[in-house]
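Asker: Line order of the protein sequences matches chains A and B. Numbering-wise (this note's numbering), the first sequence opens with residue 1 and increments by one. Numbering-wise (this note's numbering), the second sequence opens with residue 1 and increments by one.
Derived from the structure by calculation, the hints contain no laboratory data. Treat the hints with care, since some could be wrong.
What the hints assert, rightly or not - DSSO-like cross-link-like pairs, simulated, lysine-lysine; straight-line CA separation at most 30 angstroms: (1) A:LYS2 - B:LYS273; (2) A:LYS23 - B:LYS150; (3) B:LYS258 - A:LYS23; (4) B:LYS176 - A:LYS33; (5) B:LYS373 - B:LYS226; (6) B:LYS258 - A:LYS2; (7) B:LYS218 - A:LYS2; (8) A:LYS29 - B:LYS258; (9) B:LYS117 - B:LYS30; (10) A:LYS16 - B:LYS150.
Claimed, not checked - DEER-style ranges, computed between Cβ atoms: (11) B:LYS280 - A:LYS23: 36 to 46 angstroms; (12) B:GLU175 - A:THR45: 25 to 35 angstroms; (13) A:CYS30 - B:PRO86: 29 to 39 angstroms; (14) A:GLY48 - B:GLU68: 51 to 61 angstroms; (15) B:GLN356 - A:LYS16: 38 to 48 angstroms.
C-beta: ideal position from N, C-alpha, C; glycine also.
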Amino acid sequence: MKIDDKLALDLFHVDKQAHLQIKPEICRKCPHKACTYVCPVENYTINGEDVVLSWEGCLECGTCRIVCDQGSLTWDYPQGGYGILYRLG
Amino acid sequence: MDNENSENKFDTIIVGAGPAGTTAALVLAKAGLNVLLLERSSSPGSKNVFGGILYTTVLNRLVPNFWEEAPVERHIKGIKIYLVSPQNAVSIGVESEEHNQPPYNNSFTVSRAAFDKWYASKAEEAGAMLLLNTQVDDLLRVNGKVAGVKVRGEEGELYADTVILADGVNSILAEKAGLRKSYVPRQVSLGMKEIIELPRNVIEDRFGISGDEGVEIKYMAGDATKGIWGGGNIYTNQESVSLVTWLALDPLIKSKRKSTELFEQFKAHPFVKNYIKGGKTVEYQAHLAPDGGYDDTPRYFTDGLVIAGDAARFLNASLHYEGTNFAMASGEAAAKAILHARGLNDYSAKSLAYYQKLLEKSFVMKDLKRYRKMNHFAEKNPEFFGPYFDVITQAAVDYFAVKETPKRSQEWQMIKDFRKNLGKATKSRFPLLGFCWRCLKGGLSFL
Numbered sequence: 001m002k003i004d005d006k007l008a009l010d011l012f013h014v015d016k017q018a019h020l021q022i023k024p025e026i027c028r029k030c031p032h033k034a035c036t037y038v039c040p041v042e043n044y045t046i047n048g049e050d051v052v053l054s055w056e057g058c059l060e061c062g063t064c065r066i067v068c069d070q071g072s073l074t075w076d077y078p079q080g081g082y083g084i085l086y087r088l089g
Numbered sequence: 001m002d003n004e005n006s007e008n009k010f011d012t013i014i015v016g017a018g019p020a021g022t023t024a025a026l027v028l029a030k031a032g033l034n035v036l037l038l039e040r041s042s043s044p045g046s047k048n049v050f051g052g053i054l055y056t057t058v059l060n061r062l063v064p065n066f067w068e069e070a071p072v073e074r075h076i077k078g079i080k081i082y083l084v085s086p087q088n089a090v091s092i093g094v095e096s097e098e099h100n101q102p103p104y105n106n107s108f109t110v111s112r113a114a115f116d117k118w119y120a121s122k123a124e125e126a127g128a129m130l131l132l133n134t135q136v137d138d139l140l141r142v143n144g145k146v147a148g149v150k151v152r153g154e155e156g157e158l159y160a161d162t163v164i165l166a167d168g169v170n171s172i173l174a175e176k177a178g179l180r181k182s183y184v185p186r187q188v189s190l191g192m193k194e195i196i197e198l199p200r201n202v203i204e205d206r207f208g209i210s211g212d213e214g215v216e217i218k219y220m221a222g223d224a225t226k227g228i229w230g231g232g233n234i235y236t237n238q239e240s241v242s243l244v245t246w247l248a249l250d251p252l253i254k255s256k257r258k259s260t261e262l263f264e265q266f267k268a269h270p271f272v273k274n275y276i277k278g279g280k281t282v283e284y285q286a287h288l289a290p291d292g293g294y295d296d297t298p299r300y301f302t303d304g305l306v307i308a309g310d311a312a313r314f315l316n317a318s319l320h321y322e323g324t325n326f327a328m329a330s331g332e333a334a335a336k337a338i339l340h341a342r343g344l345n346d347y348s349a350k351s352l353a354y355y356q357k358l359l360e361k362s363f364v365m366k367d368l369k370r371y372r373k374m375n376h377f378a379e380k381n382p383e384f385f386g387p388y389f390d391v392i393t394q395a396a397v398d399y400f401a402v403k404e405t406p407k408r409s410q411e412w413q414m415i416k417d418f419r420k421n422l423g424k425a426t427k428s429r430f431p432l433l434g435f436c437w438r439c440l441k442g443g444l445s446f447l
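Given the sequences, and given the hints that come with them, work out the whole structure.
Answerer: Have a look at this one:
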């Protein structure tokens, strides 16, 4: 099952403002780019030498926050009531 | 300082309406305190993910016979544990008719979205005030002591004599309070989970249960996680199963494997797929779990503040994997410590240190200490969960192989092959001795 199909099953209340941000110039030099394979929703993808972040499908697990040891990522929770809303958690 | 005396002042503010925070709110509200329970989601539980079993020794003490009114799915009657290699599996199972009687071995599958909402309503009935859609961004301090929280949006600043942080594994507030540093990968596991719908009668036939009976199926690392320290689980709900994979983050990073692919490989594993076949995935979830055990525990209190549940890293990360019970026990202890401090009219760290005393006396710290070696073992012996599992399961399959060879010679052959396979599986100069030594060490740390 593809991750996009899985995320289509989840309920999100997507905020207009991004709660995650990366600094592309730091990501480009990152020696491991671990976010691109550990993220459980594949929010981080590689495009050429760049890491591309799409935060809308974030499950707020915080894994990227721990694996990013390069100081590229600004991680925050979405504002109250926004983000993932599990119906069957 | 003016705000401290305004209507924004509470006896206690609790951040997070999960099992830890709600338990603390319930105990404090029952004792007559003016309690504010803050939840960042629009409904308690809708940000929460857990393995699949709610452990309820504490809950059943606070809300006797809770299962008669709480939205529970099934009570857990038995457990089956698998060691798997790509081809072979060894399993061991325990089940008991006693677990079909109240209090059902204090193990229930629940949907957290339903359960946490119900539980928070019990705290509200007791008099706690629940405020939803509220993101807490920082702690407020007066004269260096924690004296409230700063909330995003119009509520602004909320004051209290004490604050309880029960805001989950990613508690940024615990970092801001200076109680712990940010995590390193070896301190957490990544859990991924699918809720897979199946008809009730199919679940009952497939898992050998009836009525409200439920089971847990547990996979210990090995090929279930492609040798990464972690595991998998299947839990039966009424009309769905929860399928979970959890992976220790440090070995996951080192493996360079994609977490999403590992999860799909687990679902397709020969000894997993038959339990979920024909099912329809209806929700996908992911969450971190605190790992690392006793040696990575943070400080639990400071002036005006205590932390409970996952925020305090309370999880029995062993074969038992009890998190909800630890959450509720620590929430109750936090509440008791605050009542103690209130009696002294002193909310300083010195007074709240009573929390630590209560924890030390409870099963929470005793169990954390009991399993403190387990994570170290898992870290230092990665081959245990890959090649060794292959050798063990192969020997078991060889033992039951049907041949025209007399059983005695077949057994000798099995032992010879076992030794040969061990040699291939390890770099140790004395494969059998090394294996026995590791089993002994591993067994002592696991059991």
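Asker: Please go over all the hints and tell whether each is borne out by the structure.
Answerer: Hint check results:
no. : hint                                   : result
1   : A:LYS2 - B:LYS273                      : holds (17 angstroms)
2   : A:LYS23 - B:LYS150                     : holds (27 angstroms)
3   : B:LYS258 - A:LYS23                     : holds (23 angstroms)
4   : B:LYS176 - A:LYS33                     : holds (27 angstroms)
5   : B:LYS373 - B:LYS226                    : holds (23 angstroms)
6   : B:LYS258 - A:LYS2                      : holds (13 angstroms)
7   : B:LYS218 - A:LYS2                      : holds (25 angstroms)
8   : A:LYS29 - B:LYS258                     : holds (21 angstroms)
9   : B:LYS117 - B:LYS30                     : holds (18 angstroms)
10  : A:LYS16 - B:LYS150                     : holds (22 angstroms)
11  : B:LYS280 - A:LYS23: 36 to 46 angstroms : holds (41 angstroms)
12  : B:GLU175 - A:THR45: 25 to 35 angstroms : holds (29 angstroms)
13  : A:CYS30 - B:PRO86: 29 to 39 angstroms  : holds (33 angstroms)
14  : A:GLY48 - B:GLU68: 51 to 61 angstroms  : holds (60 angstroms)
15  : B:GLN356 - A:LYS16: 38 to 48 angstroms : holds (43 angstroms)
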